[in-house]
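**Student:** Starting from the known structure of chain G, arrange chain S on it as the hints suggest.
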Amino acid sequence: MPTSTDLLQGTVDVLILQTLAAGPMHGWAVAQRIQQVSKDVLQIGQGSLYPALHRLEYKGWIQSDWGNSENNRRAKFYELTQTGRKQLETELETWTRLSEAIGLVLGRIPEATA
Amino acid sequence: MNDTLKRLRFLLRQTLLRRRRQSELDEELQFHVEQTIAAHLAAGMTAEEARRLALVEFGGMERTREQCHEQRPGWWMGTVAQDVRYALRGFRRNPVFTIAVIATLALGIGATTAVFSVVDRILFRSLPYAHDDRIVSVGLVHSLETQEFMVGGFFFDWRDNQKPFGAMATQGTMPHACDLVENNPEQLDCLNFDAGFLPLLGISPVLGRNFLPEEDRPNGPRVVLISYGLWQGHYNLDPAIIGRLIDVDGNPARVVGVLPKDFQFPTLQPADVIFPFALDRAAQATANGGFGTPMRVFARLKPGVSITQAKEEMEPLFAHTLDTVVPPVLRKDMHLGIRSLRDRETQDMQLTAWILLGSVLAVLLIACANVASLMMARSEARERELAVRSALGASRARLIRQTLTEATLLSLAGAVVGLALAEGLLRVFLDLAPTGIPFLQRAGLDLRIACFTVFLSLLCGVLFGLLPALQTPRVVALAARAAKSRKRTVLRRVLVVGQIAVSMVLLSGSALLLKSFQNIEEQRLGVQTGGVFTVQIPLPSFRYNTRQKQMDFYLQAEAALRRLPGIRAVAISDSVPPGGWQGDYRYSDLAVSGKPHPAPGTGGQVDTRSVTPDYFKALNIPVVRGRNFREEDRHSGESLVIVSRLLADSMFSGEDPIGKRIQAARDPRWHTVVGVAENVKNGGLVEPDNPEVYFLRSNIADYWGERAPLMIVDSVLPPKATVPWVRSQIAQLDPTVPVTTESLNDQVSKLADRPRFETALLGFFAFCGLLMAVIGLYGVIAFVAAQRTQEIGVRMALGATRMNILRLIAGEGLRLTVIGGIVGLGAALATARLLKSLLYNVGPHDPGTYVAVTLLLALVALAATLIPARAAMKVEPVEALRYE
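Line order of the protein sequences matches chains G and S. Residue 44 in numbering that gives the first Met the number 0 sits at position 45 of the first sequence, and the numbers go up by one each step. Residue 688 in numbering that gives the first Met the number 0 sits at position 689 of the second sequence, and the numbers go up by one each step.
Excised from the complex, chain G in its bound form (with noise of 0.2 Å):
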């Protein structure tokens, strides 16, 4: 149970962080741009967007500021931060030695990587 719990969250976490590190943007536009960028498969619910941004900001990968929307309103805004690109780095690279490991054991891809 824990660790399925952990991977999902992980995801989330890189999913965020690979979106910001296009630039910095509000909550909304985060969930919105995985949506679009995911063609409408991953929908990242406020229930897990908010708590995800607020632990990345505690764990302080990325930090936010307020700023104008675009119909300029009042928004939180947030942006990588020098850890967060780090981190994300490294969280790439684990995501695709897990993916293509996967992979293997799947058998989807033998001859692409033998």
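Fair warning: there could be bad hints in the mix.
[Claimed, not checked] What the simulated footprint calls covered on chain G by chain S, stretch by stretch (three residues with Cβ under 8 Å from a Cβ of chain S suffice, anywhere in the stretch; the number is not a length):
| no. | region |
| --- | --- |
| 1 | 40-51 |
| 2 | 66-80 |
| 3 | 94-102 |
Simulated from the structure, these hints should not be mistaken for laboratory data. Quick reminder that beta carbons are idealized off the backbone N, C-alpha and C, glycines included.
**Tutor:** Frame of chain G, contents of chain S only:
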């Protein structure tokens, strides 16, 4: 400093920030909703539709808010304060529950901590020596000397040829009185040990050094080690004491070292001045009638060697000694003794310690069961509350945390009260305790065990308090009807049965001890104790250096005391009954003229006393045949004896003993029997009586023997009035001699100290146990009765009489009592054997005691049952039916 300041500022900012953070979060979430609405509007929805859908998509705002909040590290600390406040409010609402739990915990924690603090040193704490688990006491034992001893005649043989020990060291058997003759003279206890003694125990002097090997030789320099107490009391901790000459018994001796403050001899004897043993191996062959100097020997086992192995390995040496040194008559009675230092130091206190520990753990068990039962009852009553809180969104973890907080608070409160109680109890124990309990004066509250008991009570509180919180709150609990949990009532019943059983064991144990104590108190001693007191005058041996001088002093003192008003008799003896006396004669040591000598080494111990004629008058011991000694016999030079009836019966079996002549070993004189005295209690209060021989203490100094004389005074006035006169009379003879007096009543009472201590403690535990078990029983019955209120109403509406209801509820209580009582009785009968050696004139399975205890338990349990049962009986049917 700077750090703390920074921290404080941080904390302050955190608190101020919290408000802002909260509103920022709200704003952020609000923005999210608005963005969604805007997106829906852009997709062409109506304003209302867009808003509705956005809110639906968003889901629980509150939940998110809480989860965001929980991302903060250390967020839960804030809820602790909240939980504590909530718990305190709950306790205030329910003071009976709170007080009951705290009192139960306090009693359990207090009693356990106090008792453990006492027995810890006896049973568990390592002794204050290096490798204490490998140090043993080695030597011979026989029926008259059960503490291992050796004599110089074979010690060296053993030391040089033994294999199991890494080292062996000796000390003198007994401290002897010696005098520090300085500007401020003082009588001290002196003792000898050899140079290897301190190293064996791993002790180094706190100042100066141990004896050097060349000082531990015959005719070596006269050097001493002194105790810390003497250094402090007499020399004011002056470091210049090292190298100083002090005058002991009129001879100068150089102080070379001071023993550590907390040093204790393995024999637990006090000693202020220690001389090197300086044994002369060659001289030992002739000293003390060829046996050599008696001594106590301690040894350190080699690593990995057990006591049993050591015994096996020492057996050949022992056999050799038996053949060469020990006289043939004694061989059968001599055994090899090797005991661990703990056994040597604690003697027979270990059993008492275990029994006390066992009974106090039983009390703790009952207390824990009570707390568990109370917590369960409370959590059942709160099941609905928990269900409501859960429905309102409190997480499971939050509910568990809440329960945990409550249990912790209760345990902490119980611990605080309990530790205060422990401190008080420990003082009472110290007051009550007999002098024979080793290390008692060093006993202090033991924090380790306090922590352990707090932890244990916390555990049982938390465990049983958590049971309901761990279950998913049931929907039924939300219903208007109070939910009933059959299962947990069963558990509570089992707990009550257990409590009753355990308290039955405690009760019967303490009742047996009480009966035994009564037997001790009420037995006939055979001597009068009221108005009699003893006077001890240890004469400094360097001034009273001949027996003649000593005897003259005592005769003068006797004459002086006789002149005092109200004095009925003044006698001189060497001991006084009923105190246990290490007699030095066996039955076979006595020869009767014209009769075959009994087989050597046979027969039990025979007590001997050397007394003046007034002895029988002072103690009011009737002479049943023949005559008492007369005053003029003291000058006649005749050797006369009086024998006790017990001795007369076994030695002369029917013949008239008067005029017969007997001879004691190591004394060439033949003594004529002039009378037979009634038996007295002379082996201690609980030991069987010994046959006894009274030698006439005639006015011939050579026959005054080794033992220090003791004066016995019988006065018509209370001792309190006479003692000051006695002191002034003796001060007139010699103002420097110390005088100790003690009434015979006090001496007898002191002998009963230990059974009194055991009885009082076990009785107290049994009382606590019973009290708590009864409260537990009451609680369960009251709970069951309250639960069944509606059922009672129905029954009564259907025609049940109040008597039927009483029977219904009381029957429940009686069933629990009977089951618990039977289980307890079985357990009590099984464990009573352990008490056997502590009991006097009462068997461990004394039927009367068990009947009485059972009746007592039944009576108390009945009362505990009838109170709630009567309340149930008075239920008004109409009200009961309307009840839910």
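**Student:** All hints, please: hold or fail.
**Tutor:** Quick rundown of the hints versus the structure:
1. Taking a C-beta to C-beta cut-off of 8 Å, the region 40-51 of chain G contributes 5 residues in contact with chain S, enough for the three needed, and the coverage statement holds.
2. Using a Cβ-Cβ cut-off of 8 Å, 6 residues of the region 66-80 of chain G lie near chain S, which meets the minimum of three, so the contact claim holds.
3. Coverage of a stretch by a chain is defined here by at least three residues with a beta carbon nearer than 8 Å to that chain's beta carbons; for the region 94-102 of chain G and chain S the count is 0, and the condition is violated.
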